[in-house]
Amino acid sequence: MIYNIPFFTVVALIAIGMYAMLFKRNLIKMAIGLTIVESGVNLFLITLGYRKGGFAPIFTDLPPDVSPADIPGKMVLPVPQALTLTSIVIGVAVLALILSLAINIYRHYGTLESEKVRRLRE
Amino acid sequence: MNIMDHLPALVIAIPLLTAFLTPLIDRVSRKARNAVVFIALALTFILAILLVQDVFDNGIQIYVMGASSTTQTIPTQAAVPIRIVLEIDGLSAFMVLISVLISLLGLIYSFSDIKERGGRFYTLFLLMLVGMLGMELTGDLFNLFVFLEVTSIAAAALIAYEFRRGSTSEAALKYIIISSIGALFVLFSIGLLYGEYDLLNMAAIAQAMQSTHIDKIALVLLFSAFALKAGAAPMHMWLPDAYGEAPGAISMVLIPTTAASMYALFRVCFTIYNESLHAIIPAVIIIFGLLSIFIGVTMALVQDDIKRLISFAAVAEVGYILLAMGVGLYGFLNSEEYTVTALRGGMFHLFNDVLDIGLLFLVAGGVIYATGERSLNKLGGLAHSMKYTSVLFLVGLAAAAGLPPMNGFASKIIIYESVYKVSPILSIIAILASIMMLAVFIKIFQAVFTGPKLTECREVPKPMLASMIALAALIIFFGLFPDMVIEHLVDPAVNALMNYGAYIQAVMGVGT
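Read top to bottom, the protein sequences are chains A and B.
So the first sequence is residues 19 to 140, counted in the working numbering.
So the second sequence is residues 836 to 1347, counted in the working numbering.
Just chain A, with the same shape it has in the complex:
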C-alpha cells in the first residue's frame, strides 16, 4: 500500500492539472495546469524506475560494500531518469513559448481571460 502512494499522487496531479486546463479561463492558470499535468507524468516515469533500497545506476561509483554480483535488481533504472530529464527540458521550452504567446495576446487584447480573447470563432 505505502509503495503505491506515488502512483496515487500521479493520478491526483494529473486530475488537478486537467481540472485547471478545462475549467480555468485565465491563460496563465491554464499554463500552470499544463505544468502540473507534466509533473504528474514525470513523477510517473521516475516512480517506474524506482527500486527500494537501490542505488544510483553508475557502475564506477558503487557503494563500497556492494559487489558487482549484487547489481541485478538493486540498481535504480537509468532509462526512466533519462526520459524524465528530456521531458523536463521539453516542458521548459513549451512553457516559455506558451508564456510568450500569452504576453503577445495581452498586448493585443488587453486581457488574459480566454472568454474575451476570441477573435477566431467557427
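None of these hints come from the bench; they were simulated from the model.
Hints should not be assumed to be uniformly reliable.
Stated by the list, open to error - Heads up, simulated DSBU-like pairs for lysine-lysine below, C-alpha to C-alpha not over 30 Å straight-line:
id, chain 1, residue 1, chain 2, residue 2
1, B, LYS1297, B, LYS1222
2, A, LYS70, B, LYS1051
3, A, LYS42, A, LYS134
4, B, LYS950, B, LYS1222
5, A, LYS134, B, LYS1213
6, B, LYS950, B, LYS1288
Said to hold, decoys possible - Quick partial rundown of chain B residues pointing at chain A, CB under 8 Å, derived from the structure:
id, residue
7, VAL981
8, ALA991
9, ALA992
10, ALA995
11, PHE998
12, ALA1007
13, SER1015
14, LEU1019
15, LEU1022
16, GLY1026
17, TYR1029
18, GLY1030
These numbers come from a predicted model, not from an experiment.
The C-beta atom is built at its ideal place from N, Cα and C for all residues, glycine as well.
Following the hints, complete the assembly by docking chain B onto the known chain A.
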C-alpha cells in the same frame, strides 16, 4: 566511410545543423542565408530520394545510433535493443518523400513571401522539417515523442510568426496547448508500455505485445493523442485556426506535420498492436473519418476568410484518408480481400491531399500577398491581373473536388470502390461530400477571381509561381498516370503496413 550507409542519420542531421547555422549567417548577408538554407534543403531532398530509392529496392533499412556497426540492433551483452534505432520501411519512406518534397516547395515559395526577420523563420522552418522526418524515420517510441514535440514547438512558433496580428498568437496558443496535452498522453503511455515490457523500441514492443489491460489503456492514450494531432473531427478545432493564421507557405508545410501524426497513428495500429488490436478501433477511425468529412465540408461553406475556408476543406480531406484507412484496418483485422484496395486508396489520397490542399493554400497565400486582403467579400476580379494564379487555382480546385483527370479523382474513386464493399452508405456520404466540396471551391473562385476588376494588383513573384506550377504539374501527372504512381510509390507503403512481421524481424533478427 560510405555515405550511403549513413543516409538515415544525414537526412536528419543536415537540416538540424543548418537550422542553428542560419541565424549566424543571417547576420552576414541575407543572400548567403537564403543560399545556405536552399542548398541544405536541396541536399536533404537528394539524400532522402536516395534513401527512399534504397528502401523501395532493398527493403527495410536499419540505422543504429552509437553502435559499432550501424546494423547491429541488439548489443552483444543484451537481449533486447537498447540503442536508438532508426528504422525505415516502405511507409516511412513514402512519408519522408512527401515531407521533403513539400518542404522544398514551401521554402522556394517563402523566399519571396517572407520579408522580415528571415533568419528566425528559416531556423523554425528547418526544425519543423527535422521534427517531421524524425517522427517518420525513428523506430523508437520515446524518440517519436521527442520529435513530436520538436515539430509542435517549431510549428506553433511559425503559426504565431506574423505576431502583429493578435489572432496569430491566439491560434498558436491553442495549437501548442493542445499539442502538449497530446504529447503528454503519448509520454504517459510510453511510461505504461515501458513499465510493462522494459522496452522502448517499437518493433520489440510489437513482438512482446500481450494485449493486457495496461496495453489497452496505452492504446487509447496513443490513439487519442495522434488522432488529435492529425486533426480528426471532433478534435479538429485547432486545425482551421492554425492553418488559417499561419503565414504563406507554412499552411502548406503544416499539412505534412499532421500527416506525420497520422503516420504515427497507423504505425501504432498496424505495427505495434497489429492483430491484437480491438475491433472497435477501425470503427472509431471510420466514424472520425465520416465526422471530419461532414464537419469539414459544411463548415467550409459558411466561411468568409479564404485561408480558413481551405483549412476546413483540409479537415474534410483528412476525413477521406481516415475513412479509407479505417476500412483498410477493418479488412486487415478480418483478412478481407478489399484491404489492399482500401489502404492503397488511403495512402494515395494522403499524398494527393498534401498536393491539392497545398496548392490551394499557396494560391490563397499569393492572393493575400498581392492584395493584403483575406476576406472573400472584399476580394474580386483578380483573374484580370493574376492570370497564372487563377489558372493554378482552377487546377487545385478540380483536384481537391475530385474531378477527372486530376489526382484527387484517381484516389477518391479507389476509396469509393473499397468503402462500398463494407457499406454503400459510407460511399454515398463520401461522394455527396465531394460534390459539396466542389460547391465550396467554386464559391471561392467566383468570389475571388471572377467579376469586375476591383483593385490594381500585380502577379505574384516568380519563385512563388514556380512552386505553385511544380505542384500543379505533379497533380496533373498523378492524375494522368495513377497506375505508375501506385505501383512505384503507394504499393511499397501499403505492403509495409500489411507486413508488420518484416518490421519486427528487421530489428529483432531471424528466429527470435
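Status of the hints after comparison with the structure:
With a C-alpha separation of about 13 Å, the suggested pair LYS1297 of chain B and LYS1222 of chain B falls inside the 30 Å cut-off, and the hint holds. A hinted pair counts as satisfied when its Cα atoms are at most 30 Å apart, and LYS70 of chain A with LYS1051 of chain B qualifies at roughly 28 Å. Of the supplied pair hints, the one linking LYS42 of chain A and LYS134 of chain A holds, its CA atoms being roughly 13 Å apart against a limit of 30 Å. Straight-line distance between C-alpha atoms of LYS950 of chain B and LYS1222 of chain B comes to about 24 Å, which keeps the hinted pair within the 30 Å bound.
This hinted pair checks out: LYS134 of chain A and LYS1213 of chain B have alpha carbons roughly 27 Å apart, not beyond 30 Å. With a C-alpha separation of about 28 Å, the suggested pair LYS950 of chain B and LYS1288 of chain B falls inside the 30 Å cut-off, and the hint holds. Interface hint at VAL981 of chain B: satisfied, since its Cβ lies 6 Å from the closest Cβ of chain A, which is below the 8 Å cut-off. Here the hint on ALA991 of chain B is kept, as its CB sits about 6 Å from the closest CB of chain A, short of 8 Å.
Hint status for ALA992 of chain B relative to chain A: holds, with the closest Cβ pair at about 6 Å, below 8 Å. Because the smallest distance between the Cβ of ALA995 of chain B and any Cβ of chain A comes to about 6 Å, under 8 Å, the interface hint for this residue holds. For the restraint placing PHE998 of chain B at the interface with chain A, the shortest Cβ-Cβ distance is roughly 6 Å, inside the 8 Å limit, so the hint holds. With its C-beta approaching chain A no nearer than about 5 Å, ALA1007 of chain B sits inside the 8 Å limit, and its interface hint holds.
Look at SER1015 of chain B: its Cβ gets to within about 5 Å of chain A, closer than 8 Å, so that hint holds up. Interface restraint check for LEU1019 of chain B: the shortest CB-CB distance to chain A comes to about 5 Å, inside 8 Å, so the restraint holds. The beta carbon of LEU1022 of chain B comes within 5 Å of a beta carbon in chain A, closer than 8 Å, and the hint placing it at the interface holds. At about 5 Å, the closest approach between the beta carbon of GLY1026 of chain B and any beta carbon in chain A falls short of 8 Å, and the interface hint on this residue holds.
Interface hint at TYR1029 of chain B: satisfied, since its Cβ lies 6 Å from the closest Cβ of chain A, which is below the 8 Å cut-off. Hint on GLY1030 of chain B holds. Least Cβ distance to chain A is approximately 5 Å, under the 8 Å limit.
The earlier numbered hints are all upheld by this structure, with none contradicted.
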